[in-house]
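Trainee: To convert, take the position in the sequence shown, counting from 1, and add 512; that gives my numbering.
Hints are computed from structural coordinates only; laboratory data are not their basis.
Worth double-checking, as some hints may not be accurate.
Straight line, CA to CA, 20 Å or less: simulated EDC-like cross-link-like pairs of lysine to aspartate or glutamate [as the list claims (entries may be wrong)]:
1) Lys535 <-> Asp552
2) Lys553 <-> Glu566
3) Lys592 <-> Asp552
4) Lys590 <-> Asp546
5) Lys530 <-> Asp546
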Amino acid sequence: MNKSELVGAVAEEAGLTKVDAEKAVTGILEALTDCLAQGDKLTLVGFGTFSVAERAARSGQNPQTGKKIEIPASVTPKFKPGNTLKSLINQ
Numbered sequence: 513m514n515k516s517e518l519v520g521a522v523a524e525e526a527g528l529t530k531v532d533a534e535k536a537v538t539g540i541l542e543a544l545t546d547c548l549a550q551g552d553k554l555t556l557v558g559f560g561t562f563s564v565a566e567r568a569a570r571s572g573q574n575p576q577t578g579k580k581i582e583i584p585a586s587v588t589p590k591f592k593p594g595n596t597l598k599s600l601i602n603q
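Construct the complete structure from the given sequences, taking the supplied hints into account.
Mentor: Printed below as a string of structure tokens:
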């Protein structure tokens, strides 16, 4: 599913126009992005938790050349599904 398909599904499920559903989906994604950019976490009970994790700097290897490289520290988003979501998927 891509964003336009998600907008269509939200519009149908909530009884909204596609324009209103587009605004809602865009607003949710912007709020989620802003929350994670500030280093906070967002918990949707039953669905899951979005958070950020810090990755330490480490040594790696280029798979094409075999040459050693240094991978810098970074921050990455992560998602931990909630129990309700897990049970719905594993039926």
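Trainee: Take the hints in turn and mark each one as holding or not.
Mentor: Now the hints, each set against the structure:
1. As the CA atoms of Lys535 and Asp552 are separated by approximately 23 Å, the hinted pair breaks the 20 Å bound.
2. In summary, the hint linking Lys553 to Glu566 is supported, as the alpha carbons are separated by about 13 Å, within the 20 Å threshold.
3. Of the pairs offered as hints, the one joining Lys592 and Asp552 holds, with about 14 Å between alpha carbons and a cut-off of 20 Å not exceeded.
4. Distance hint between Lys590 and Asp546 is fulfilled; the C-alpha atoms sit about 14 Å from each other, no more than 20 Å.
5. A C-alpha spacing of about 24 Å is found between Lys530 and Asp546, which places the hinted pair above 20 Å, so the restraint is violated.
Consistency with the previously given hints fails for numbers 1, 5, ordered from lowest to highest.
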